[in-house]
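Enquirer: Sequence:
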Amino acid sequence: MGRTLAGKLWDGHVVRRVDGEPDLLYVDLHLVHEVTSPQAFESLRLADRRVRRPDLTIATMDHDVPTRGGAAAADPVARAQMEALEANCGREGIRLYGMGHRRQGIVHVIGPELGLTQPGLTIVCGDSHTSTHGAFGAL
Numbered sequence: 003m004g005r006t007l008a009g010k011l012w013d014g015h016v017v018r019r020v021d022g023e024p025d026l027l028y029v030d031l032h033l034v035h036e037v038t039s040p041q042a043f044e045s046l047r048l049a050d051r052r053v054r055r056p057d058l059t060i061a062t063m064d065h066d067v068p069t070r071g072g073a074a075a076a077d078p079v080a081r082a083q084m085e086a087l088e089a090n091c092g093r094e095g096i097r098l099y100g101m102g103h104r105r106q107g108i109v110h111v112i113g114p115e116l117g118l119t120q121p122g123l124t125i126v127c128g129d130s131h132t133s134t135h136g137a138f139g140a141l
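To convert, note that position 9 of the sequence shown is 11 in this note's numbering; the numbers rise steadily by one, no gaps.
Read the hints as simulated data drawn from the structure, not as lab findings. Cβ atoms here follow ideal geometry from the backbone N, Cα and C, with glycine treated the same way. Careful, some of the hints might be misleading.
Okay, the calculated beta carbon distance ranges per label pair [claimed, not checked]:
id	residue 1	residue 2	range
1	Pro121	Arg70	19 to 27 Å
2	Pro40	Ala8	29 to 37 Å
3	Val17	Gly139	14 to 22 Å
My request is simple: use the sequences and hints to build the entire structure.
Expert: Quick look at the structure:
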């Protein structure tokens, strides 16, 4: 019987499968932005862990970016989130497309625009639009 693309990609990325537990998948690309990442970085710090593959992780300023120009957010919470992303990326060796960088942009748009999103990849991001990468044959 035929298999779906999603099923093929899923099965091809399973690292560990145990009955009654969620599958552990290999992630090909991790996209990060300033709003949902502070909690993840803090969880890593509390567990005394590091980002396993900083070379497969790309960060960009996204949600808190001022729309009227300027490099700094006026809102103090937004500014703190942006500063935290800069610090976390620096500490973990993650490529950051920060304010003023020519590749900075909307997190779910830069993947396809920059050629990062490719058919057959597993892509994760703490953003509700991440599923749009499926249009490019990614999971």
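Enquirer: A separate judgement is required for each hint: does it hold in the structure or not?
Expert: The hints, checked one at a time:
Between Pro121 and Arg70 the beta carbons are some 37 Å apart, a value that contradicts the proposed interval 19 to 27 Å. Taking 29 to 37 Å as the suggested C-beta distance range, the pair Pro40 and Ala8 conforms, at roughly 30 Å. Taking 14 to 22 Å as the suggested C-beta distance range, the pair Val17 and Gly139 conforms, at roughly 21 Å.
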